[in-house]
Amino acid sequence: MLPPVFGVLFDGIAYGMLLFVLSVGLSVTLGLMNFVNLAHCAFAMLGGYVTVTLVNELQWPFLATLPVSFLAAAAASVVLERLFYRRLYRASDLDQVLLTIGFAFISVAAAAYVFGTIQQPIQTPPFLRGSTGFLGLGLSNYRMFLVGIALVVTLLLVAGLEYTRFGAQVRAAVDNQRMARGLGIDVDRTFAVTFALGSGLAGLGGSLAIDIVGLDPSFAFTYLVYVLIIVSVGGLGSIVGSFAAACLIGISDVAGKYYAPELGAFLIYLVMVAVLMWKPAGLFGRR
Amino acid sequence: MRPRRGRFSLPRLWGILGAKDANKVIQGEEYMRHSLLAGAALLATALLPAGAQAQEPIRIGFISAFSGQFADTSAQMDNGIKLYMKQHGDTVAGRKIEIIRKDTGGPNPDVAKRLAQELVVRDKADILAGFTLTPEALGAAGVSAEAKKFMVVMNAATSVITERSPYIVRVSLTLPQISETAGTWLATKGGAKKAYTMVSDFGPGLDAEGAFQRAFKAAGGEIIGSVRMPVANPDFSAFIQRAKDLNPESIFVFVPGGAQPAAIGKAFAERQIDPKKVKIMSTGEAVDEQAVKAMGDLALGRLSTWHYDYNHKSKMNEDFVKAFNAEFKRNPDFFAVGGYDGMRLIYEALKKTGGKADGDALIAAAKGMKWESPRGPISIDPATRDIVQTVYIRRVEKVGGAIVNVEFDKVENVKDPTHK
Amino acid sequence: MTQVTSSMTPQAYLKSLSRWRAAEIVFWLATLLPFFLFPSYLSLASQIALAALFALSLDIILGYAGVVSLGHAAFFGVGAYAAGIFSKMVWGEPLTGLLFGATLAGLLGYASSFIIARFRHLTLIMITLGLGLLAHEVANRAHWLTGGSDGLQGIEIWPVFGLFKFDLYGTTAYGYSLALLFIFFLASRRLLNSPFGLALRGIRENWVRMPAIGAERQAHIRKAYTIAAFMAGVAGAALAQTTESVSLESIGFQRSADVLVMLVLGGAGRLYGGLVGATIFMVARDQFSGIAPQYWYFWIGVLLVTVVMVLPNGILGGLSKLTARWRKP
Amino acid sequence: MTAVALSTRGLSKSFGSLPVARDINLELPVGARYALIGPNGAGKTTLINLVTGMLAPNAGQIFLGSEDITALEPQERVKRGLARTFQINTLFPGLNPLEAVTLAVCERRGIADRFWQNIAVHNEAIEEAYEILSKLRLGDVAYQPTRELPYGRQRLLEIALALATKPRVLLLDEPAAGVPQEESGDIFEVVAGLSNDLTLLFIEHDMHVVFRFASHIIVLVGGAVFTAGSPAEIAADPGVREVYLGTRKHG
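Residue numbers (the working numbering), protein chains in the order written: chain Z, 1 to 287; chain E, 288 to 707; chain W, 708 to 1036; chain P, 1037 to 1287.
To be clear, the hints were calculated from the coordinates, so they are not data collected in a lab. For every residue, glycine included, the Cβ atom is placed at its ideal position computed from N, Cα and C. There is no bait here: all hints are sound.
If you want the ones that stay clear, here's a sample from chain P, every Cβ over 10 Å from chain W, calculated:
hint : residue
1    : G1067
2    : L1100
3    : D1233
4    : V1261
Simulated pairs of lysine-lysine, DSS-like, Cα-Cα distance not exceeding 25 Å:
hint : chain 1 : residue 1 : chain 2 : residue 2
5    : P       : K1171     : W       : K722
6    : E       : K435      : W       : K872
7    : E       : K411      : W       : K872
8    : E       : K373      : E       : K411
9    : E       : K600      : E       : K685
10   : P       : K1115     : W       : K930
For the chain W half of the interface with chain P, some residues (derived, Cβ under 7 Å), not all of them:
hint : residue
11   : P717
12   : Y720
13   : L721
14   : L898
15   : N900
16   : P902
17   : A906
18   : E912
19   : V915
20   : R916
21   : G921
22   : A922
Please work from the sequences and hints to get the whole structure.
Laid out in structure tokens, this is it:
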């Protein structure tokens, strides 16, 4: 039998994993392509609304909507990337901030217009509800599912970027665009695909988040801060870093709440500031 | 006559230029005084008796958070207003009613104050209304007092608001009204002797905590522990584990509406606190329609005290819910009923004054007003201008396959307990 | 251009850079127009002036020293709360309250500058964000002092110089805010044309080279950060005084983000960028939200996207590029 | 016996397991014109970074005159009279040469933190800056933004910025790097014309230039001093020919 605090820690890790799935896409686009995309959570919100619509209006099973939300967010991002973002790859950070904040604003208003400002409820399938006993702990089924997805995403991403031809192309294109072009790599396409991948992951994260944090049009901004925290603490462009940061933030958040609730909301900000002062490039940052 | 809300209209410009000619020396303090005088003149025309301007519409400045995190509260309130105006026409006592909507974007008293000023000065609003959030109402209260404008609070629930201007009336609820009832009921009829409280760490949460603990202890109960949770807090498991460690007989919860009610409900289930065994009492937000839908069976057995639910059994409410659904394709909630009753109060008060819209006449008409609302019988306390209403004790149950709040007890004529 | 300037002595040339241009004088005369043309918009005009002052303070660190901050509202909020509390606990005289609020903000800026000056880029942004969020949380938790989420209650401000009462029309408020904006604009203008302003531009243009010419870049940044915090405190204190209210929003993330958007919209590093950006953003917000209170975000978003695509580097940056192209075809 | 302007003792640095500076002992007499040569990757720029404080050594000491400056920040070394230029232009692209050099002069005079004075009142600083620019033949472009200057002029501005700090010792990292051969002579004419009190150490690949301008040559190989001597000695040294002249690439 384990004391109850382990259950709480597990919940914290699972919560961290949710933040991980939401933020890892931004780590990829910001770290690899050096593009400040503050509309990242708007893609997550899009994924969430796709899932809610399919489940509540068309009675799709929850799990079947996940790939659709990934694809929808990825497709939407490709359109934006082709039309707008690519023109700003070499612009200043501040222009990128202004553009993407603009899109986040638009997405909030559009979501309010199309889906209303109402909080969107979602019923997950029965096997993901409630909890399962394990050594005296009640582990939430949904959270176990989240941890599983996060692990799969991590493995796929690390393997994909480190060991595949596509991963090599991305890294080459990032290191030296001109040389990559010279080697016959289609840099434009590589960037578009990378961007779509990052946004698709955000869409997936949005779908997974509804059950825990809900969904309404303000989503595009509410979780932006958390996502930025994970990305910066983990280190830009580092998938393993994001994973570690998500665990750290998740665990310190719940442990703090459990042992010292009066610290409350201070804790994760303190952890972030402390980590960055200790390691300015983040836990796994390269620079 | 004054130009109608024309912002850059020529007549207005001429007027200003003319005034400038009349007072040749307009500099520094002179200018200040001059413009104050002009302002006072403008204000005076706004306050002219109704007879002199029977054709002028009555303008209601509707100040609320239409965008941002709290957008849905304002949308529902607006729906209530729209429905009332659809059902009762847009003319009262011979005067047309015009709503001017202004967005605060959230709990911004500075913005609310500016909007109230602009509504009074520029748009010639006669009545201020709306206010889903306490800071908005407090920001505008000073303008109501200074310009003597009738102000109808349709939601903001902190007790002190009505004391900030003699022209304020509230038609919604006060948090102590609900939470004290929860404390008293739980310790007496609810049969709980020990309670643990969990509230969000901000103004309304602290108010709810205080009122509940006071009433619970006064009725002989004991508070065995309490925790205050950050307002922006998406994950509750650690707080619930703390509660569980003390193995309490009952738990009182206050969280703001939005995403948190469902989140904390699910967290109870995940930490295996069963509402059927532990009495989980809360205010109505924590078991609102969306939250209960998201929780499903896990919500069964949850207790709450509240003043309105779309399942309230009365002919009037059934008609209201039906009409609301026909119009907006969703159920009304307490914001909607606040907007609906607020408009009803404004209409009835205007009827009483015969279309006179100045603050003194309207507040006199509103004091002591009683009527049947979709939530049941309500009235305005003539002494405090605050709402007096029935508070219902509800439990989440399954009725014909649907999971809803069922009223099974009530306390009638509850006033806010903190007004002196 | 080059012919004209190269005939000048270096002193005359540098002096000419800080000479008042006709457009500037027109701009400042135009700020008096609301008194005459839009007397019912003076409350808005007052808040625009304070937003502009806030944006100007951010410009000193962001536009000139290249320190991007997402937590600048911390100083705005401290100034606002301090001025509000001062009016409750000491007296309602506005100028002393303003000085108190701004000084406190400046001191906090000085203290945090020791952390800020050590970092660059994303790390710096996130540390400012973190410190800003911590300040917000402190204000929320210090309920007994700040009123928490209900906002600070009971602020009463005496008439300015004992003569001008803050009225319902916002006449005094706009006069007060505009005077503050102008005073601190003059100060900023002098600062940016000073040796110190040159040093800040040096830091922005090349962080690495500065120590190689013997510059104490961290000391420069600390000083700039303190000055910017002081000015942000002035803006916050004045907002608290003119509206007689302070809420958590005045110290929140949203305000930090808004001011950044205003500055970048207008054009960072251009002195007038914050002023132009604040005016356009606030007027657009007022007009759009008057038309569509629920969906005005959409139009603001469209505005931002359009500006970036058509006029990169902000409105002023884009315009100056366009005019430069037009001059030499 | 002339006084020593700059010296190092046992200076060592490694990145991980890769040594980039090994037990380097230098002595530059006042007014010397030393060249630092060596194949690519020999650690020449690293040595300058170590001496100027942009990298911290793992071991060893650095003396400016008789003062141990090993623990000082880069800007403190500059203030004591140790300046450098960069191999890759490290300028202020948005400032014009007058502003950039005036900034450096203000920093040296300790007036760069005066935020309450218009810069135009500091006549002497501006004059001094303009004199430096004139001396380096930059007077006619003094008001043009640095990023618009021709490359060769930018190389000269590198030197101008360093001179504005009034150095006693100046370390030039390939001052003519990337400049066409016919122009690089101009740059070294400027360097040669510098005051005799100024102690110079320059990195250069072009042997004609080195033999023409250097009074003394230090050969660095693999992070260590391979040999040092007069141009004639170095030219005659078969070891140098083998490790350096024989295998060197044009950079």
